[in-house]
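Heads up: the sequence lines are chains A and B, in that order. The numbering of the first sequence is the working numbering, which starts it at 382 and goes up by one. The numbering of the second sequence is the working numbering, which starts it at 382 and goes up by one.
Check each hint, because a few of them may be wrong.
Since the list gives no way to pick one copy over another, a pair counts as held whenever it fits inside one copy or between any two copies.
What the hints assert, rightly or not - Capping the alpha-carbon separation at 27 angstroms, the derived lysine-lysine pairs in BS3-like fashion look like this: (1) 650 / 587; (2) 734 / 717; (3) 515 / 827; (4) 587 / 647; (5) 622 / 450; (6) 734 / 647; (7) 827 / 754; (8) 564 / 587; (9) 587 / 616; (10) 587 / 477; (11) 450 / 754.
Quick caveat, the hints were computed from the structure, so don't treat them as lab data.
Listed below are the residues making up each chain.
Protein chains: 2
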Amino acid sequence: MKQYIAENQDRFLNELFELLRIPSVSSQSAHKDDMVTCANKLVELLLAAGADSAQVYPTKGHPVVFGEKRFDPSRPTILVYGHYDVQPVDPIELWKSNPYEPEIRDGAIYARGANDDKGQLFMHVKAFEYLVKKGLVNHNIKFILEGEEEIGSPSLAEWAKEHKDLLACDIMLVSDTTMISEKVPSINCGMRGLAYVEVEVTGPNKDLHSGHYGGAVVNPINALCKMIDQLIDDKGHITIKGFYDDVVELSAEDRAMLARAPFDEKEYKEFLDIDAVSGEEGYSTMERTGIRPCLDVNGIWGGFIGEGSKTVLPSVAHAKISMRLVPNQDCNKIAKLFEEHFMSIAPAGVRVKVTPHHGGNGFLIPISSPAYKAAAKAMEEVYGIEPVPSRGGGSIPILADMQQILQADPLLMGFGLERDTIHSPNESYLLSQLWRGMESIALFYKYFDK
Amino acid sequence: MKQYIAENQDRFLNELFELLRIPSVSSQSAHKDDMVTCANKLVELLLAAGADSAQVYPTKGHPVVFGEKRFDPSRPTILVYGHYDVQPVDPIELWKSNPYEPEIRDGAIYARGANDDKGQLFMHVKAFEYLVKKGLVNHNIKFILEGEEEIGSPSLAEWAKEHKDLLACDIMLVSDTTMISEKVPSINCGMRGLAYVEVEVTGPNKDLHSGHYGGAVVNPINALCKMIDQLIDDKGHITIKGFYDDVVELSAEDRAMLARAPFDEKEYKEFLDIDAVSGEEGYSTMERTGIRPCLDVNGIWGGFIGEGSKTVLPSVAHAKISMRLVPNQDCNKIAKLFEEHFMSIAPAGVRVKVTPHHGGNGFLIPISSPAYKAAAKAMEEVYGIEPVPSRGGGSIPILADMQQILQADPLLMGFGLERDTIHSPNESYLLSQLWRGMESIALFYKYFDK
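Please model the complete structure; the sequences and the hints are all you need to start from.
Written as structure tokens, this is what we have:
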């Protein structure tokens, strides 16, 4: 594959850049048409790469792309999952270059989606192209590329149920995660789930002059802050009643295995420019993000937020709050527990509304599976180092659903790096990872059998 | 004056509407030119009303307007204070009509500034016009109209020091406050001061993916909420060290006098649509807003606040926080105490910046003064009821400064009503109050002597 990449490098980058130029932001209705444009572009790429068929399928939300090449029904079938939708680009003013006009700087592509997930799914399309063109594969290979991952995949599970036969596979292959570092390749063997809610706290029925009413009327921003503060105690435990009921404590052995992954707290703090890490008492940083649930406010707003000052006691305050869950916690149950708890801690003088956004459950992948072993062998050959198993802190909720619908395990070969700052301004993807990812994927097919 | 109003009503409204159409928002630099337009319009109105002279004076910020008519140096001199700047109109979508296109509905003028303070200062200009045209006055009357009240009058005090002789007066007459109700006219005999700060809490140096980092890195929004929550304890006391040191407790007698003002808690709650009032333990609602200091978050923002969901652990969170002060508390000292305290409660893992906005001290006005007595007599004649003394919760910080510079007490004859919702969408001013305010002001000159 190295040779093939060298010969086709410029074309590959042109094709990827075309994908990245499409502002396929799934959460913003203004980009509805861009989603369709992006889906059509992927069909084009799959057909050009050698798929027997590929097409755009409508769903209740944004469309999915499905394409495949069948060789031999007796051979294993791999379903490649990816998503072509991206996160919003706000705060846009912090981008050093246009998020929709990819730019190569210091060996990395800078653009929204450069890594997550356009860059990573593109590696699969090109590894597929190489294998087909060179006659090096006889697995059956399918692609399912969705446009709603960043908003919690509200349509795919239903569509997958209706197209179970089309999607039937032995394993799902996914590149939508990170590895520890270029020097420490790793394979994700578990991910967290997610429950995401939006809350609204209303005090008086109109904005008030804070001089005339301040001190006597409950200020909904102060109330919201108090309620949020109460959600986590001094030991970093989430206080929602029943929140930890389904959390399985890991054995000392499992914790020791995960602790093998190298972690340098000093480097971590320097990378983030923080003077201290923090979190649940009794757990390491890697455990706090890998095997423990957590709660974060993702957004908050209320009152006067413009230039200057305004002495207003506002009518309403809002926050977006999400909880990362561990396997065995049910995201719908947790969203319900949150709502009950949050309502119960509202002080007199305000009314509270909780609206659930998307959610999904976490999952675990057996390290002993043939697919995990093939991936490990492929990556060791490319990186020269045996990859370590790790637990991802992020969530791809749809994979837990798909695992159940298709009865096939997902394998997470992610080539992203922390430095890529996905979801943030200046998202990037190292060219070296793009090329090595393609090589690893191509080798995976060489080593994988049922 | 009743007769004169009846004859000139249409012209009066046209003139006021012209003033209200000018978007003179002092806190937004985009409106810089509108401030000058508005100042010039006021000069025009003062000269037309009969001032000997009136002109726009530049300051370091927005210009002030000064105009006067001198009769007899031996007679009392009254300095009318008002402000022509207005609050921003956000949230604009809640306005039922254009805030800069005044509309009369159900006997009230709806527009930004209809009451605060264009509508109220206009009453003084027209009462002045009437008195001059009819030869009914021989007080010396001066007007000082500033354009920075809503941003804390950063320039007027310095300008006043430089123009002390020009402004010299026996009393300052101000209509920039409310009365209890049309059936319970009242005169403000004290106002609260104000300390206003903006805070910034920074965690990691970039927005992070909340899945990858959530649980291990301090989230600045959660930290800000915790810090804000800690500013007020369960009894409604502000926890800032030294905050109450200079607060003078009122005597039982004083509290009893203020309690004479009627207050219907049921009506109050219905007006605001809240199920409970709240505040500092041991004080009534009127005391909480009139004679006790308080702390309110006026605005908060951080993270993703757009449509949909984004799983971000943000780099930074902000809030605008103001404290209402009582007479004898020094606003600069309080701002300093706030900063020290707020820095001291910051958790490890975040950096905090506190930026002071404007501030001002509170003040008290002697009820036994000839000016208070004249105002009370005038209002009793117009409303048929003796006005009650009240304490205002709002702040006109500049008046405390002017009192000191000019050695003259301010008299607050305010004709606003709670229903006017100043600083909020759909600010209004009752026509009946506009006309009765003019009458009361005209009568004040009849009864006032040194």
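Here is how each hint holds up against the structure:
In this homomeric assembly, residue 650 and residue 587 come within 27 angstroms of each other (Cα to Cα) only across copies, at 12 angstroms, whereas the closest approach inside a single copy is 43 angstroms. For the homomeric pair residue 734 and residue 717, the shortest alpha-carbon distance inside one copy (13 angstroms) is at most 27 angstroms, but the shortest distance between copies (37 angstroms) is not. Proximity of residue 515 to residue 827 under the C-alpha cut-off of 27 angstroms is restricted to the intra-copy arrangement: shortest distance 13 angstroms within a copy versus 104 angstroms between copies. Taking identical chains as interchangeable, the C-alpha atoms of residue 587 and residue 647 lie at most 27 angstroms apart only when they sit on different chains, with a minimum of 17 angstroms there against 49 angstroms within one chain.
Taking CA atoms no more than 27 angstroms apart as the test, residue 622 paired with residue 450 passes in neither setting, with 50 angstroms inside one copy and 71 angstroms between copies. Only between protomers do residue 734 and residue 647 lie at most 27 angstroms apart by alpha-carbon distance; the minimum there is 24 angstroms, versus 41 angstroms within a single protomer. In the homo-oligomer, the alpha carbons of residue 827 and residue 754 lie at most 27 angstroms apart inside one protomer (12 angstroms), although the nearest pairing across protomers, at 99 angstroms, exceeds that limit. Taking the closest pair of Cα atoms, residue 564 and residue 587 come within 27 angstroms of each other only across two copies (24 angstroms); inside a single copy the shortest separation is 57 angstroms, beyond that limit.
When the C-alpha separation of residue 587 and residue 616 is checked against a cutoff of 27 angstroms, the pair qualifies only between copies, where the shortest distance is 26 angstroms, while the shortest distance within a copy is 38 angstroms. Proximity of residue 587 to residue 477 under the C-alpha cut-off of 27 angstroms is restricted to the inter-copy arrangement: shortest distance 13 angstroms between copies versus 40 angstroms within a copy. With identical chains, the CA atoms of residue 450 and residue 754 are at most 27 angstroms apart within one copy only, with a shortest distance of 24 angstroms there and 95 angstroms across copies.
Figure legend: structure checked against the earlier numbered hints; the only hint not met is number 5.
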